[in-house]
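Colleague: What follows is each chain in one-letter form.
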Amino acid sequence: MKFDLKKFLADRSVPIMFIIICSVCIPLSGFSTGYLLNEIVTRIVRNTFLILSLLIPIMAGMGLNFGMTLGAMAGEIALIFTSDWQIWGIPGVVLAMILSIPISILLGTLCGTLLNKSKGREMITSYIISFFINGIYQLVVLYMMGPIIPIIHEAIKLPRGYGIRNTVSLLNLRQSIDNLISINVFGVKIPVLSFVIIILLCLFIVWFTKTKLGQDMRAVGQNMEVARAAGINVERTRVLSIVMSTVLAGFGMILYLQNMGNIATYSSHSQIGMFCIAALLVGGASVDKASIGNVFLGVILFHLMFIVAPKAGTVITGDSMIGEYFRVFISYGVITLALVMYEAKKHKKKKMAEGSDDEK
Amino acid sequence: MKNKSLIYKIILVLVLVVICFLMIYIGRGHTLYFDSKSMEVDGVTMNPPYRIQVNVKGKEVADLKDGDRGMAIWIGPKAHIELVVTKEKGVAKENIKYDVPLPREYDGVVINLVGLLNNANYDEYISEFVPLATITSESEEEVVIDDMGELGFGE
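Quick note, the sequences are listed as chains A and B, same order.
Mapped onto this note's numbering, the consecutive letters of the first sequence carry residue numbers 98 to 457.
Mapped onto this note's numbering, the consecutive letters of the second sequence carry residue numbers 5 to 159.
FYI, nobody ran anything at the bench for these hints, they're computed from the structure.
Here a beta-carbon is modelled for each residue, glycine too, at the ideal position from N, C-alpha and C.
One should not assume that every hint holds.
Sample of chain B residues with no beta-carbon within 10 Å of chain A, all distances over it, derived [as the list claims (entries may be wrong)]:
id, residue
1, Lys69
2, Asp70
3, Val95
4, Asp127
In silico DSSO-like cross-links for lysine-lysine, where the CA-CA straight-line distance does not exceed 27 Å [what the hints assert, rightly or not]:
id, chain 1, residue 1, chain 2, residue 2
5, B, Lys63, A, Lys286
6, B, Lys6, A, Lys307
7, B, Lys61, A, Lys286
8, A, Lys307, B, Lys8
9, B, Lys13, A, Lys309
Chain B with its partners taken away, still in its complex shape (with noise of 0.2 Å):
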């Protein structure tokens, strides 16, 4: 009877470890910057189409124009971007959709869509977005401990 209880236990924790990694896995939130920028590979100049509109879960996040940067937040492992695709003015759409898996390791990812509409290779379209650094030094924060709880009850 307490071997069995403890098989449970092993078991429920097993599961719920399971589950944290899946989370872990399928939670990782990415914040997405799309660049319709001109990029060169291989010495090969490959330029922006007029305009592409970027929908991310069917609501558009982006009209990008040649130089323009998009922005958007998306959680899980490989980011699902649909691309409407104006080559030239007057021209018709093109709806393209995107699977694009995204690194772990990076907060914030830089999506070329130009590289991504050309088939460059990942390494080259995909980059870790680093903030501008700032000049002004941040002062120290003063931490404010509350042992005896404000008028506010936690409001």
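With the rest of the complex left out, here is chain A (with noise of 0.2 Å):
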């Protein structure tokens, strides 16, 4: 087979932009190589357990999901009790997860059973039905918790009595985690901890991908036709993948929440759909195929950009507001690059097939 070097660059033409951008940006910046690397370790901790929540509804063919913003809300929700009954350290961790599980599930199945209704829309349908949620994630929070919720703590309800503030403090949760076992290898702090448990989910994902329920979703995202042909419950096998990314999601969103150390109430969840899928894309990612090595090429790559395009845009332009924008449309615009590439591609297999049906 002979090597196209147009094609592997079409392939990989994401990736390569933004290794071209941060190569140019990490000398304009100035910033050490120490630096860079403890802020990239730092990052790579945060997001890719959040990240690799996106890869099992790409197999069941449920492209991006916009959703998992559903199982970031279930995982602030778990936090805030958590931090209202003064659970600290890692069982404090371990409780908003388990909390965070059937609010995750009965969201996920909310969400799957409306994306089973809107089969091949289901990018636009999940990122609506984000915006949905988050109205009723409001109501509870701003107007239930205190006065139907029992919340304890003066200090996380608002000066009026009810509702959470902006900011929920997880001071005594922070980093506890990363900083249970963690070693320092050339001045950049490695959360061993943190590490095994994405490591973990890797692991949970390539052993799920050769389970039979992994395989049905495969025949889904392949062919839906086919696979009920087959006699596989396509409608379950689709609600399923979304039950399973959306408590990941959650999942991902307390280790985020605990690396950060604090909750912002209303804004924590709102764009971490957008900037997760941007992540994946920039790892080479597409709509319909992902990888885990797309996840850490594109947590790599995206965040590097994130941390030096602020300082290259000041030192080209005088500004850091340039870089601030300039990472921003930078996000905005990959995601757009990707899906109309998907169309093309689409577009483009569905016109040689049509052609070889009229060769027939």
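Two chains, two separate frames, one set of hints: put the complex together.
Modeller: Listed below in structure tokens is the structure:
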């Protein structure tokens, strides 16, 4: 088989573009290697779990799950309770993860069921569902927590006596997992336990793809009609993939927030889906194909750009906001580019199939 | 087959519920306040020693003289503390270890070390920390709802 350089570059255009941007911005930013490595390790630990939660729906042919925000909301609600009950450290993180499971399952089932009603338009539907559920989240957190759902501590309640404050401190949970087992390699702090958790999730995903349910999801992702003819319950399999993604996103959000050390109650989750999806696409994934390798490459490249772009922008233009805008438009741009490329490929495949049918 | 699957699911839920309760039990956090203040029990006044050094998890968290207060945080139902007591200036130090059960209902727990050292009753040396009431009224906090996200991407 002949190596097609044009196809190779076209398939990897997004990561290549990011490698070029980063290699221009890194020297301009003037950051030391040690600083960059520390920042990248922190961001890998903070974000990878969340991004890995996107892989299962892609395998099931449901595209990029913007509905992962639902899991993030479940994680936040669980952390609010943990914080109110004063459960600190690792037990607090474990408790929050368990508490998030029923909420994530409920929201995931709702999302999966709705997505089954809108086959072929899953991404836009999941995006809008996340706004819809965000409204319900606000109703619960802003009005029901206090008078209906008991919240003991005044410190997390709004001064009016009900609703949760804009920021909930997780000071006593902060980096409890990251700091439990950590080593220092040449000045770079490596949170071993956090990496072990991420590796375990990677192994779970690899194992899961080989199970009966994993194979069913692949079959559904490749062709729903063929899968149905083979006796697979397509609708149930699709709902399960979204439920699994939502539960994992809930865990991921808890790990993310324990690393940050506080919850921005009304905004932490709002863009989480967007930047996780952007990172995955930067890693070379597409709407219908993604791997664990894409996740790691994406986290590194996307966050490297996040770190260096503002400083590079300041050096080039004298205004740090240029760098801020630059990284945001690049993020949205990469999602747009990936969606356009996916549609163009689909269109091309369809045309080729029509052409071969005509020849017959 | 269906029954078996249902049993597994019920067992899983029960295990998770048990883990939840276990985490609530072992993860309850408290802020501990150590007082080295004289206290009166049954009409007898107990005076603090010259100096008390408080170690928690092998780290020194407070070095207290008469009237001082120290602070530490503790996760768990019982606080394991080590006191290094110097009864009088120039006298040899004495190491004493204590396991102090902490009341679940208190967030902040004040431990009077003088009572603890003199084997006073639990209720006499343990009390709830009540922060001083502030006179200034808190203004209403404006809730910032970010539907469309900020430029920071959650950073």
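Colleague: Now look at each hint and say whether the structure bears it out.
Modeller: Hints versus structure:
For Lys69 (chain B), the non-interface assignment is confirmed: its Cβ lies about 29 Å from the closest Cβ of chain A, beyond the 10 Å cut-off. Listed as a non-interface residue, Asp70 (chain B) keeps its Cβ farther than 10 Å from every Cβ of chain A; the least gap is roughly 31 Å. At roughly 38 Å from the closest C-beta of chain A, the C-beta of Val95 (chain B) stays outside 10 Å, upholding its exclusion from the interface. For Asp127 (chain B), the non-interface assignment is confirmed: its Cβ lies about 22 Å from the closest Cβ of chain A, beyond the 10 Å cut-off.
Restraint check for Lys63 (chain B) and Lys286 (chain A): satisfied, since their Cα atoms lie roughly 22 Å apart, inside the 27 Å limit. Straight-line distance between C-alpha atoms of Lys6 (chain B) and Lys307 (chain A) comes to about 23 Å, which keeps the hinted pair within the 27 Å bound. The suggested pairing of Lys61 (chain B) with Lys286 (chain A) holds, with an alpha-carbon distance near 23 Å, which does not exceed 27 Å. Straight-line distance between C-alpha atoms of Lys307 (chain A) and Lys8 (chain B) comes to about 23 Å, which keeps the hinted pair within the 27 Å bound.
Annotation: proposed proximity of Lys13 (chain B) to Lys309 (chain A) holds, straight-line Cα distance about 18 Å (limit 27 Å).
Checked against the numbered hints given earlier, the structure satisfies every one of them.
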